[in-house]
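S.K.: Line by line, the protein sequences give chains L and Y. Sequential numbering from 35 applies to the first sequence in my numbering. Sequential numbering from 128 applies to the second sequence in my numbering.
In case anyone wonders, no lab produced these hints; they're calculated from the structure. Don't take every hint at face value.
Said to hold, decoys possible - Calculated cross-link-like contacts (lysine-lysine; reagent style DSS-like; alpha-carbon spacing at most 25 Å): (1) K37(L) to K168(Y); (2) K182(Y) to K141(Y); (3) K147(Y) to K143(L); (4) K86(L) to K103(L); (5) K168(Y) to K143(L); (6) K37(L) to K86(L); (7) K37(L) to K169(Y).
To be verified - Derived CB-CB ranges, DEER-like: (8) H74(L) to E190(Y): 27 to 37 Å; (9) S59(L) to S132(Y): 32 to 42 Å; (10) T141(L) to Q156(Y): 47 to 57 Å; (11) N88(L) to N178(Y): 48 to 58 Å; (12) D101(L) to G143(Y): 29 to 39 Å; (13) I97(L) to K147(Y): 36 to 46 Å; (14) D131(L) to S200(Y): 35 to 45 Å; (15) L153(Y) to N64(L): 26 to 36 Å.
As the list claims (entries may be wrong) - Sample of chain Y residues at the chain L side, in silico, Cβ under 8 Å: (16) F166; (17) P167; (18) S170; (19) L171; (20) L173; (21) Q187; (22) I220; (23) E232; (24) Q233; (25) G236; (26) P237; (27) T242.
For every residue, glycine included, the Cβ atom is placed at its ideal position computed from N, Cα and C.
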Amino acid sequence: DAKTTQPPSMDCAEGRAANLPCNHSTISGNEYVYWYRQIHSQGPQYIIHGLKNNETNEMASLIITEDRKSSTLILPHATLRDTAVYYCIVRPRNNNDMRFGAGTRLTVKP
Amino acid sequence: GAVVSQHPSRVICKSGTSVKIECRSLDFQATTMFWYRQFPKKSLMLMATSNEGSKATYEQGVEKDKFLINHASLTLSTLTVTSAHPEDSSFYICSASTSSKYDNEQFFGPGTRLTVL
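Looking at chain L on its own, in the form it has when it is part of the complex:
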């Protein structure tokens, strides 16, 4: 019952920017957009989250469209270690429930 749609897989060249899209056309006004990633056989790792403004941290940038129906996670300089499954999740900030969709399998190639 994930509320997001992501491409199943993407490739990116090492050193280039990786742009991962996510559609969340039914997002509600109180729902945030969260991004996690999961490297093989590890637990998910938090990347970034936002409500409506663009956000940036040491890992990535999050661009949310003005109508909030889609967003893009940007890894500015992808490395081989960024190869993982990336999950886009929407949920209210005061709701603990985190439900995962299928995610995007990003493969960074040399």
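With chain L's structure known, arrange chain Y on it following the hints.
M.R.: Same frame as chain L, but now just chain Y:
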């Protein structure tokens, strides 16, 4: 940042035995803990949500008598897979959240790989 640990990281057991998996929040008090299951090449599936000192809330289709969850303290939750069978072989992941410092963010453990022979 907040750290969540799981023990054991890997366990192999015989069919019919019970297995206990521990989830600990190491540097914060977790008001809520979650248990997920992940089959190969699939996404994480929420199994249950537990609040300290109260009974866990199970997702539809998850047998509460088979997957026993105990959240006895603000830093420890356990998942016991009772009478395990080969189809219970999976990657079990816990997460913890707190409403205080981290404002309901969820922090995930490294996972436990269960193999039932």
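S.K.: Min Cβ distance, L173(Y) to chain L: is it shorter than 8 Å?
M.R.: holds, 6 Å
S.K.: Using Cβ atoms only, decide whether T242(Y) comes closer than 8 Å to chain L, and label the hint accordingly.
M.R.: violated, 13 Å
S.K.: Sort out whether K143(L) lies within 25 Å of K147(Y), counting only the CA atoms.
M.R.: Violated - the C-alpha atoms of K143(L) and K147(Y) are around 39 Å apart, more than 25 Å.
S.K.: Below or equal to 25 Å on CA atoms is what counts here, so check K37(L) against K168(Y).
M.R.: Between K37(L) and K168(Y) the Cα gap is close to 20 Å, so the pair holds against 25 Å.
S.K.: Holds or violated: the hint that Q187(Y) contacts chain L, with Cβ atoms closer than 8 Å.
M.R.: Since the shortest Cβ distance to chain L is 10 Å, the answer is violated.
S.K.: Verify the interface restraint on P237(Y): the C-beta must sit less than 8 Å from at least one C-beta of chain L.
M.R.: This interface hint holds because 5 Å falls under the 8 Å limit.
S.K.: For the hint 26 to 36 Å, verify it against the beta carbon of L153(Y) and that of N64(L).
M.R.: holds, 31 Å
S.K.: Given the hinted pair K86(L) and K103(L), is their Cα-Cα distance within 25 Å?
M.R.: Roughly 10 Å between the alpha carbons, so the hint for K86(L) and K103(L) holds.
S.K.: Confirm or reject the claim that H74(L) and E190(Y) have a C-beta distance inside 27 to 37 Å.
M.R.: holds, 29 Å
S.K.: So if I understand the rule, the pair passes when the alpha-carbon distance is 25 Å or less; does K37(L) with K169(Y) pass?
M.R.: holds, 17 Å
S.K.: With respect to the beta-carbon atoms only, verify the hint that D101(L) and G143(Y) lie 29 to 39 Å apart.
M.R.: violated, 54 Å
S.K.: Does the nearest C-beta of chain L fall within a distance shorter than 8 Å of the C-beta of L171(Y)?
M.R.: holds, 4 Å
The structure shown violates the earlier hints numbered 2, 3, 10, 11, 12, 14, 16, 17, 21 and 27.
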